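*Asks:* Here are the chains, one letter per residue:
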Amino acid sequence: AQTVTQSQPEMSVQEAETVTLSCTYDTSESDYYLFWYKQPPSRQMILVIRQEAYKQQNATENRFSVNFQKAAKSFSLKISDSQLGDAAMYFCAYRSAMGNNNDMRFGAGTRLTVKP
Amino acid sequence: EAGVAQSPRYKIIEKRQSVAFWCNPISGHATLYWYQQILGQGPKLLIQFQNNGVVDDSQLPKDRFSAERLKGVDSTLKIQPAKLEDSAVYLCASTGLAGGRNEQFFGPGTRLTVL
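Just so you know, the protein sequences line up as chains A and B, in that order.
Note that our numbering has the first sequence beginning at 1, numbered continuously upward.
Note that our numbering has the second sequence beginning at 1, numbered continuously upward.
By construction, these hints were calculated from the structure, which means they are not laboratory data.
Bear in mind the structure is a predicted one, so any value in this text is a computation, not a measurement.
A hint or two may mislead.
Distance condition first, Cα-Cα at most 27 Å in a straight line; then the derived DSSO-like pairs of lysine-lysine [stated by the list, open to error]:
#1 B:LYS62 to B:LYS11
#2 A:LYS78 to B:LYS44
#3 A:LYS78 to A:LYS55
#4 B:LYS78 to B:LYS11
#5 B:LYS11 to A:LYS73
#6 B:LYS44 to B:LYS62
#7 B:LYS15 to B:LYS62
#8 B:LYS15 to B:LYS71
#9 A:LYS70 to B:LYS44
My request is simple: use the sequences and hints to build the entire structure.
*Replies:* In structure tokens, the structure reads:
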């Protein structure tokens, strides 16, 4: 079964600085999708960025970018020019592209604090 | 576009009592998910519906949990009887097309405390 590991329970960053959140996953599949979701305090989870495993180019969304290392099974999230509103729990997630398995597997999350 | 709605937002019950949660997905979304998020963990899928049919309920504790989506729109998740370990946030999500790169849209969740 696929597992997702986020080894950093908590991270902090100074406003306007850059921070990288780590995520590794375990799978024997070659085709899959990876996601980063953000869950602000007492607010609903929203998608930050996603990556298709067959794409070599790293996904970017404004200040958010990923470093996807398929061989290493690593999928880190970089937040540039951090803002106070970036403070939240961040979850890395994996979804298989094979068959009817649409189950999304989440990591345990990383709590990001942004210091003014 | 209205998001995924859930109610209640908070619920406190005693063990062995029953509880029900309601979810209304985004209009037109055929696929609906219920997740359980225990404090300090990521969400874990309980059940997935495609319209009014169950696609995956392999991780649903069927001796105490049940869910339905009778008309293929809103859904109810029930726990009967509740145990202490059921304390968690129950998240509902929906998507127009299941799987692949498609985004799941989440509701605000229902925080359940079992005493």
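*Asks:* Which of the stated hints cannot be reconciled with the structure, identified by number in ascending sequence?
*Replies:* 5 and 8
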